[in-house]
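Asker: Those sequence lines, one after another, are chains X and S. Sequential numbering of the first sequence, starting at 1, is according to full-length UniProt numbering. Sequential numbering of the second sequence, starting at 1, is according to full-length UniProt numbering.
These aren't lab readings, by the way, just hints derived from the structure by calculation. Wrong hints could be hidden among the right ones.
[Said to hold, decoys possible] Computed cross-link-like contacts, DMTMM-like style, restricted to lysine to aspartate or glutamate with a CA-CA straight-line distance of at most 20 Å: (1) S/194 / X/191; (2) S/189 / X/203; (3) S/83 / S/131; (4) S/83 / S/151; (5) S/215 / X/176; (6) S/80 / S/203; (7) X/82 / X/176; (8) S/24 / S/40; (9) S/215 / X/203; (10) X/82 / X/131; (11) X/80 / S/203; (12) X/125 / X/233; (13) X/194 / X/176; (14) X/60 / X/233; (15) X/189 / S/225; (16) S/60 / S/40; (17) X/83 / X/233; (18) X/215 / S/176; (19) S/194 / X/190; (20) S/189 / X/176; (21) X/51 / X/225; (22) S/60 / S/225; (23) X/194 / S/190; (24) S/82 / S/151; (25) S/194 / S/176; (26) X/83 / X/231; (27) X/80 / X/231; (28) S/236 / S/123; (29) X/215 / X/225; (30) S/194 / X/203; (31) S/230 / S/59; (32) X/51 / X/40; (33) S/51 / S/225; (34) X/189 / S/176; (35) S/80 / X/203; (36) X/194 / S/191; (37) X/60 / X/231; (38) X/82 / X/203; (39) X/215 / S/225; (40) X/194 / S/203.
All of these numbers come straight from a predicted model, not from anything done at the bench.
Protein chains: 2
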Amino acid sequence: MCDLLRINTDRGTMLSDGKSRFSKDGKPIYHFLGTSTFSEYTVCHVGSVAKINPAAPLEKVCVLSCGICTGFGATVNVAKPKKGSSVAIFGLGAVGLAAAEGARVSGAARIIGVDLNSNRFEEAKKFGVNEFVNPKDHNKPVQEVIAEMTDGGVDRSVECTGSVQAMISAFECVHDGWGVAVLVGVPSKDDAFKTHPVNFLNERTLKGTFYGNYKPRSDLPGVVEMYMNKELEVDKFITHSVPFAEINKAFDLMLSGQSIRCIIRMED
Amino acid sequence: MCDLLRINTDRGTMLSDGKSRFSKDGKPIYHFLGTSTFSEYTVCHVGSVAKINPAAPLEKVCVLSCGICTGFGATVNVAKPKKGSSVAIFGLGAVGLAAAEGARVSGAARIIGVDLNSNRFEEAKKFGVNEFVNPKDHNKPVQEVIAEMTDGGVDRSVECTGSVQAMISAFECVHDGWGVAVLVGVPSKDDAFKTHPVNFLNERTLKGTFYGNYKPRSDLPGVVEMYMNKELEVDKFITHSVPFAEINKAFDLMLSGQSIRCIIRMED
Numbered sequence: 001m002c003d004l005l006r007i008n009t010d011r012g013t014m015l016s017d018g019k020s021r022f023s024k025d026g027k028p029i030y031h032f033l034g035t036s037t038f039s040e041y042t043v044c045h046v047g048s049v050a051k052i053n054p055a056a057p058l059e060k061v062c063v064l065s066c067g068i069c070t071g072f073g074a075t076v077n078v079a080k081p082k083k084g085s086s087v088a089i090f091g092l093g094a095v096g097l098a099a100a101e102g103a104r105v106s107g108a109a110r111i112i113g114v115d116l117n118s119n120r121f122e123e124a125k126k127f128g129v130n131e132f133v134n135p136k137d138h139n140k141p142v143q144e145v146i147a148e149m150t151d152g153g154v155d156r157s158v159e160c161t162g163s164v165q166a167m168i169s170a171f172e173c174v175h176d177g178w179g180v181a182v183l184v185g186v187p188s189k190d191d192a193f194k195t196h197p198v199n200f201l202n203e204r205t206l207k208g209t210f211y212g213n214y215k216p217r218s219d220l221p222g223v224v225e226m227y228m229n230k231e232l233e234v235d236k237f238i239t240h241s242v243p244f245a246e247i248n249k250a251f252d253l254m255l256s257g258q259s260i261r262c263i264i265r266m267e268d
Numbered sequence: 001m002c003d004l005l006r007i008n009t010d011r012g013t014m015l016s017d018g019k020s021r022f023s024k025d026g027k028p029i030y031h032f033l034g035t036s037t038f039s040e041y042t043v044c045h046v047g048s049v050a051k052i053n054p055a056a057p058l059e060k061v062c063v064l065s066c067g068i069c070t071g072f073g074a075t076v077n078v079a080k081p082k083k084g085s086s087v088a089i090f091g092l093g094a095v096g097l098a099a100a101e102g103a104r105v106s107g108a109a110r111i112i113g114v115d116l117n118s119n120r121f122e123e124a125k126k127f128g129v130n131e132f133v134n135p136k137d138h139n140k141p142v143q144e145v146i147a148e149m150t151d152g153g154v155d156r157s158v159e160c161t162g163s164v165q166a167m168i169s170a171f172e173c174v175h176d177g178w179g180v181a182v183l184v185g186v187p188s189k190d191d192a193f194k195t196h197p198v199n200f201l202n203e204r205t206l207k208g209t210f211y212g213n214y215k216p217r218s219d220l221p222g223v224v225e226m227y228m229n230k231e232l233e234v235d236k237f238i239t240h241s242v243p244f245a246e247i248n249k250a251f252d253l254m255l256s257g258q259s260i261r262c263i264i265r266m267e268d
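All chains, please: the whole structure from these sequences, using the hints.
Answerer: The following block contains the structure:
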């Protein structure tokens, strides 16, 4: 990971002079995550810019940003499920659906979606999820439910919720001897990951990932190529589209869980 | 891992009939760990027997058993340090020294030994350990001491103590982005591994291992070959040798920490 740009990103200013390039009524507007989109023109550090295939439709591939790359990369770059294997996905929001898409593209045979909201299950089928567990439907820990479904545990799990309890379940639901659990969700500051260490002794692996282990500048063009080659399906992530003037509608759709990704059109 | 033999090992009886092959005064003596050594003849399940190079000196290669293979394999099979990298070893008992030997054989440049007993440091130099930290000498967590020594953390760490606090330190002392921590020690039943999950988010990996990930039957002959080819040094692990009649002396040497490995000679 690039310490230089991460620090700059946190600061919200440009690296060269520590200043912002935006202002309103004389007050600075800070840069968000090094890209500062939602403007027609922007100023980015060169490390935040990647050149992609010019034939790629920008109104589609713009969703190949933080959330989708994080989930997709967590599966294809970190969990790396083998063809025919079993994968549990914790959380079926946009990141979890992208993780499921990664499992589908990898050829996983069983993709088990875990979510507290069963309304998400139908949509998740489009992303390859073919079995579903709602922890609320069971009176034992979800890791035990999954262990019973899979004769001891799944080959891989990907946690996309940010809930520390889901992180523990995701680790404890993988199979002894070869299971790999990948933590994607951003935890709260006060959370503690607790598990009995004998779970490690039994040859399990726990990995974390940031941005799906993609290096944006060098790796994003390849993700766009996967879309152009029809391996990675992007359109199904885009459930809504609104003009910029209605951007608050997009926030409502996101916060109410109705949208997976809503495109903001700068011009209508 | 082989469920079949592990269950049998725990039972202390043969798999075929659930009975023991040893007795004294009519009372059964149960099989220990599937091998039941300390007898001139023994009965083992075929899965517990490996054929090694007949030229190998048995009074040396007998130490290539649980402890040494566990530590050595934890480094060479699981942590896999690259040439020139940095490795922290937690616990400089026999397992930790074997882990250090694995780091030495792998070509690690910095091998940092961590132990609460500074008397172990001199001996550890023979196993390639070239820097030492006694947590008692510092008034901050050992992971912070190591992070300062190594500009952010070691490339690999191997925990060989069984202390859950050492496990947490071993995980927290590896570098963000690529660090791998391997847990070898057998924890207590009530221990809980606790860490802030953001440590995973920063692309660290935590792995457990059992018996250094060696499959005894298929892999042990290759470890013996490493000794025969003078890659893996075995003699330095053998600090004492006693005849069978003085076996209790060997236990004293072990419990007092004076021996690394003491050979029990069945005939003198």
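Asker: Now tell me, hint by hint, if it's right for this structure.
Answerer: Results for each hint:
{"no.": "1", "hint": "S/194 / X/191", "verdict": "holds, 10 Å"}
{"no.": "2", "hint": "S/189 / X/203", "verdict": "holds, 17 Å"}
{"no.": "3", "hint": "S/83 / S/131", "verdict": "holds, 17 Å"}
{"no.": "4", "hint": "S/83 / S/151", "verdict": "holds, 18 Å"}
{"no.": "5", "hint": "S/215 / X/176", "verdict": "holds, 15 Å"}
{"no.": "6", "hint": "S/80 / S/203", "verdict": "holds, 17 Å"}
{"no.": "7", "hint": "X/82 / X/176", "verdict": "holds, 16 Å"}
{"no.": "8", "hint": "S/24 / S/40", "verdict": "holds, 15 Å"}
{"no.": "9", "hint": "S/215 / X/203", "verdict": "holds, 12 Å"}
{"no.": "10", "hint": "X/82 / X/131", "verdict": "holds, 18 Å"}
{"no.": "11", "hint": "X/80 / S/203", "verdict": "holds, 15 Å"}
{"no.": "12", "hint": "X/125 / X/233", "verdict": "holds, 13 Å"}
{"no.": "13", "hint": "X/194 / X/176", "verdict": "holds, 18 Å"}
{"no.": "14", "hint": "X/60 / X/233", "verdict": "holds, 10 Å"}
{"no.": "15", "hint": "X/189 / S/225", "verdict": "violated, 50 Å"}
{"no.": "16", "hint": "S/60 / S/40", "verdict": "holds, 17 Å"}
{"no.": "17", "hint": "X/83 / X/233", "verdict": "holds, 18 Å"}
{"no.": "18", "hint": "X/215 / S/176", "verdict": "holds, 15 Å"}
{"no.": "19", "hint": "S/194 / X/190", "verdict": "holds, 12 Å"}
{"no.": "20", "hint": "S/189 / X/176", "verdict": "holds, 18 Å"}
{"no.": "21", "hint": "X/51 / X/225", "verdict": "holds, 12 Å"}
{"no.": "22", "hint": "S/60 / S/225", "verdict": "holds, 13 Å"}
{"no.": "23", "hint": "X/194 / S/190", "verdict": "holds, 12 Å"}
{"no.": "24", "hint": "S/82 / S/151", "verdict": "holds, 18 Å"}
{"no.": "25", "hint": "S/194 / S/176", "verdict": "holds, 18 Å"}
{"no.": "26", "hint": "X/83 / X/231", "verdict": "holds, 15 Å"}
{"no.": "27", "hint": "X/80 / X/231", "verdict": "holds, 16 Å"}
{"no.": "28", "hint": "S/236 / S/123", "verdict": "holds, 9 Å"}
{"no.": "29", "hint": "X/215 / X/225", "verdict": "holds, 15 Å"}
{"no.": "30", "hint": "S/194 / X/203", "verdict": "holds, 18 Å"}
{"no.": "31", "hint": "S/230 / S/59", "verdict": "holds, 16 Å"}
{"no.": "32", "hint": "X/51 / X/40", "verdict": "holds, 18 Å"}
{"no.": "33", "hint": "S/51 / S/225", "verdict": "holds, 12 Å"}
{"no.": "34", "hint": "X/189 / S/176", "verdict": "holds, 18 Å"}
{"no.": "35", "hint": "S/80 / X/203", "verdict": "holds, 15 Å"}
{"no.": "36", "hint": "X/194 / S/191", "verdict": "holds, 10 Å"}
{"no.": "37", "hint": "X/60 / X/231", "verdict": "holds, 15 Å"}
{"no.": "38", "hint": "X/82 / X/203", "verdict": "holds, 18 Å"}
{"no.": "39", "hint": "X/215 / S/225", "verdict": "violated, 41 Å"}
{"no.": "40", "hint": "X/194 / S/203", "verdict": "holds, 18 Å"}
Hint compliance for this structure: hints 15 and 39 are not met, and every other hint is.
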